[in-house]
Amino acid sequence: AQSVAQPEDQVNVAEGNPLTVKCTYSVSGNPYLFWYVQYPNRGLQFLLKYITGDNLVKGSYGFEAEFNKSQTSFHLKKPSALVSDSALYFCAVSLNDYKLSFGAGTTVTVRA
Amino acid sequence: GAGVSQSPSNKVTEKGKDVELRCDPISGHTALYWYRQSLGQGLEFLIYFQGNSAPDKSGLPSDRFSAERTGGSVSTLTIQRTQQEDSAVYLCASSLGGGGQETQYFGPGTRLLVL
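Protein sequences, first through last, are from chains L and U. Using our numbering, you'd call the opening residue of the first sequence number 392 and step up by one each time. Using our numbering, you'd call the opening residue of the second sequence number 46 and step up by one each time.
So here's chain U without its partners, still in its complex pose (with noise of 0.2 Å):
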């Protein structure tokens, strides 16, 4: 079956540019997350969403990241005005449902690269 796939797999932008990442989540998967992956910080979790909502944002660096998810499905991560720190790999990930015990499953993650 077909499982968590995101969109570009690279992207390469100019510092001050606005990028969008998106996630296609394994069909039925009601949570949905975002992590980041870079060479200094390791994995780092960004927001969860459950549904189309999103309790738990903490994660998210600066005001320049936001994040949503309609129909339940798709989820795009949007930074605003990118800056070189932003350069990682953002990977998505989706669960059957959302508690701790759920097996989180990863998609190849899509590579930034911030000029």
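Looking at chain L on its own, in the form it has when it is part of the complex (with noise of 0.2 Å):
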């Protein structure tokens, strides 16, 4: 079985001070590892993924998120939040199938 946790319901930030979404994962093999965003009344839109070779991935609008096995983590950052990235963010994981788990979602605020 696969499944993703995401430890925090909501995170809080100022606009300008760096962004960390928090997302560990459990799977017994290789996972492939999706980060997600999704704005009100929207479907969810794609940032980055992690498939293999480079632990830093980069993305869309400035996100990136670092692979680490060791402690099965899977965290996606933001140098530098904006008042534009408040949303729901999800983590999914997949093996070598193409279902997708997803975490419960971490809702971000940024603020002016």
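Quick caveat, the hints were computed from the structure, so don't treat them as lab data. Since we're looking at a predicted model, the values are computed, not measured. A virtual CB, placed ideally from N, CA and C, is assigned to each residue, including glycine. Any given hint could turn out to be false.
Label pairs and their in silico Cβ distance ranges [as the list claims (entries may be wrong)]:
{"hint": "1", "chain 1": "L", "residue 1": "Gly444", "chain 2": "U", "residue 2": "Lys62", "range": "43 to 51 Å"}
{"hint": "2", "chain 1": "U", "residue 1": "Gln146", "chain 2": "L", "residue 2": "Pro431", "range": "44 to 52 Å"}
{"hint": "3", "chain 1": "U", "residue 1": "Arg126", "chain 2": "L", "residue 2": "Asn446", "range": "47 to 55 Å"}
{"hint": "4", "chain 1": "U", "residue 1": "Thr148", "chain 2": "L", "residue 2": "Gly453", "range": "16 to 24 Å"}
{"hint": "5", "chain 1": "U", "residue 1": "Thr115", "chain 2": "L", "residue 2": "Glu455", "range": "37 to 45 Å"}
{"hint": "6", "chain 1": "L", "residue 1": "Gly420", "chain 2": "U", "residue 2": "Leu160", "range": "41 to 49 Å"}
Need the complex rebuilt from these two chains, each delivered in its own frame; the hints are there to steer you.
The structure is reproduced here in structure tokens:
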């Protein structure tokens, strides 16, 4: 079985400060890891993914994530948050199949 | 380019009625997925299509749920005899291929409310 945990329901940061959204996973095998963002009343928007290779993955809108196999983590980061980054963020994992297993989501609020 | 589109965007129905939800994937994407997003259950996988075939229907919550895909493109998710617990946002996604490493691109969803 595969699972994803997002330990924080909410993250609040000031604009211009670094943003981190945490994700840990539990799979038996080599995972493919994804981050998606959801704005109100919208579908999920792909940010970035880790497949193999370099542990630091860069994605859309200045976001990046680091795959850490020993800690089974894939935290999402942005060096300088914007008010427009306020949204719901989902971490997801898949194995050698097609099914994405999602975390519960983390609501990010960036205050001006 | 055009993304994944879904219709209707909102659907209100009465308990016991049947509903059909439609998904138009990105052109050329062979794989198509349905997920359900609800407050209590989060994001749940429902079904996966590769072409017109559905090798995995394991996520469908009951036999009231069915889905088909025709012409390797449009898919319809049908819920028969709707129940209040079916109220959720139904999300469709598509990907170029069906492997686990493929990026799934999501549509805006259909918000279903069963009264």
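Hint numbers the structure violates, sorted upward? 2
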